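A.B. asks: Okay, here's what each chain looks like letter by letter:
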Amino acid sequence: MKEEFNIISNLIEENTRVLDVGCGNGDLMKFLQENKTKDIRGLEISKEKVQNCLSKGLTVIEGNAESDLKQFPKSSFDYVILSQTLQAFLNPELVINELLKVGKKVIVTIPNFGYWRVRLQLLFKGTMPVTENLPHEWYNTPNLHMCTIKDFYNFCSSKNIKIFKSIALKKSRISEINKSNLNYKNLDSHLGIFLIES
Amino acid sequence: MNKNIDTKKIIISNPLKLDCGKEINNFPIAYETYGELNSEKSNAILVFHALTGDQYVSGKNPITNKDGWWSYVVGENKPIDTNKFFVICANVIGGCMGSYGPSTINESTGKQIGTDFPIITINDMVNAQYELIKYLEIEKLFAVIGGSMGGMQVLQFVANFPDKAKLAIPIACTSSHSAQNIAFNELGRQAIMADSKWENGFYSNYKLNPDKGLAVARMAAHITYLSEKGLQEKFGRKLQDRDSLRYGFEADFQIESYLRYQGSVFVDRFDANSYLYITRAMDYFDLSKQHKGNLSDAFKETKTKFFVISFTSDWLYPTSENREIVIALNSIGADVGFVEIESDKGHDSFLLDVPSFLKTLGDYINSTYKVINERRI
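If you read the protein sequences in the order shown, they are chains A and B. Using the numbering used here, read the first sequence as starting at 80 and increasing by one per residue. Using the numbering used here, read the second sequence as starting at 15 and increasing by one per residue.
Pulled out of the complex, with its shape left as it was, chain A reads as follows (with noise of 0.2 Å):
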């Protein structure tokens, strides 16, 4: 988590406006203001989740990334962030298209599907994989369109949608994504991080 933390806080200018969406109990909030920025606000389903973030001193709203964005004016963010979230939504698609109305600039994060110890689970095990990052079984798991880092990068080429950064995170090492390396980092990290802009 901590390594995701930095890596996002490395990508935000400081003393801009951020929105977190489906911010959690607020970690990551908290961690971008102590470091980054006072300005952020947080959107999240689970109305315990936002009792929490409130009780923390948080701006959250109880609400659904898929209906609520639109609530908020055209670029009225800095940043947006979609941290390990993206996977959850009935629509992806129209959640990034979202993102990038309300944000100048989208930080999304995504449990890499395509990490070799995932890809082995189901390719020996013959189930589908569970792990530290991905802990839930298939019947319970809230996670509806996994993808991988490869994926979401042809995604990316395929809606015209501008990478800026795009980072791969295996443990804690880190190193940048590109079009040659592509093959091997969509092999051998477990988180991909995108910065992007429509």
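Below, a list of computed lysine-lysine pairs in the BS3-like style, where the Cα atoms sit at most 25 Å apart:
| # | chain 1 | residue 1 | chain 2 | residue 2 |
| --- | --- | --- | --- | --- |
| 1 | B | Lys384 | A | Lys115 |
| 2 | B | Lys319 | A | Lys128 |
| 3 | B | Lys384 | A | Lys135 |
| 4 | A | Lys149 | B | Lys303 |
| 5 | B | Lys92 | A | Lys126 |
| 6 | A | Lys117 | B | Lys373 |
Sample of chain A residues with no beta-carbon within 10 Å of chain B, all distances over it, derived:
| # | residue |
| --- | --- |
| 7 | Glu92 |
| 8 | Asn114 |
| 9 | Leu169 |
| 10 | Leu173 |
| 11 | Thr206 |
| 12 | Met207 |
| 13 | His224 |
| 14 | Cys226 |
| 15 | Thr227 |
| 16 | Glu255 |
| 17 | Leu261 |
| 18 | Asn262 |
Derived Cβ-Cβ restraints for the label pairs, each shown as a range:
| # | chain 1 | residue 1 | chain 2 | residue 2 | range |
| --- | --- | --- | --- | --- | --- |
| 19 | A | Lys238 | B | Lys306 | 36 to 44 Å |
| 20 | A | Ser236 | B | Ile386 | 42 to 50 Å |
| 21 | A | Asn89 | B | Gly307 | 40 to 48 Å |
| 22 | B | Glu90 | A | Asn143 | 38 to 46 Å |
| 23 | B | Gly250 | A | Ser146 | 34 to 42 Å |
| 24 | A | Asn143 | B | Glu200 | 30 to 38 Å |
| 25 | B | Cys34 | A | Asn89 | 55 to 63 Å |
| 26 | A | Glu255 | B | Glu242 | 52 to 60 Å |
| 27 | A | Phe243 | B | Gly307 | 38 to 46 Å |
| 28 | B | His236 | A | Asn239 | 53 to 61 Å |
| 29 | B | Glu242 | A | Asn219 | 30 to 38 Å |
| 30 | A | Ser146 | B | His236 | 33 to 41 Å |
| 31 | B | Lys74 | A | Glu216 | 53 to 61 Å |
| 32 | B | Lys303 | A | Lys258 | 50 to 58 Å |
Treat the hints as calculated values from the structure; they're not laboratory data. Computed from a predicted structure; not experimentally measured. Note that CB positions come from ideal geometry on N, CA and C, so glycine has one too.
Put chain B on the given structure of chain A with help from the hints.
C.D. replies: Then chain B, alone, in the frame of chain A:
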């Protein structure tokens, strides 16, 4: 109501122009305070009361001898801790606990003003209370907070005085009174006015009181403050002090007995004309209409931080209406948090022991106070 209790009171000498066009001056505002104002005057919280509330937020209400109406929220070591905050609450104008209202005695006639009292609005109530804040010499409040009609006053206060509160917490309210809510208020008013003892509002001249009408108004309103599930769980079809039905119109059912009791205790503490005037003020409340149909415009001048709260079982001021406030604030990039609290207790949830509400509210106020103070240093 002619109350012979010492209430804190100031006389506002500045003329106040009301929305109805009339002007009032030299009128009383009754209020109460809890805790102490710190030397920087940075810990003041103005609480706005709801339709039948009063200035006695916490502790013992000297008139009813019951706990203050928001004792779960305000007091020592409560979510709004009076060891830390200076809490102010004023009786709204139109009310009957010492502020200027229809039961105020007209000095020249020696009689109650009755229905010669001018029609007032939420805007008028808020403007009158602002005079109290000026009198207390508080430049900027830490927070304004209130539920139901109190929440409407919170919204109106920030719209009128965009730089006078750092934090605004409207709870279980709306930015414009719905047809359903106007309908319920009209039912209550008609019950009062149908009582032959109402005497066109001049009942006190005849030493009368439209108790029956006011009690019916309260009973009907009380139902709207609860939820179907809450009623069913608490009362069901349970009988009142009897084993079987009596085949008559006495209160066979506990719910009947409960409502009759609610009606009867209410008439001891509340003035029928005040009920007419205050419900009318609520009906007239439409903050977006005040801003040419654009609610966001009401808040475009403000840097006040907002926290909007609604309750799942509140069908009088449902989450959807509270959300409209959030949407209006978001559309202008205001700083707004929002949560809908799970509760079976209906609209009254904000007055009752709902632990997740009390915890979230208290934690939020305290951590925000800390953040705002740290920033200042």
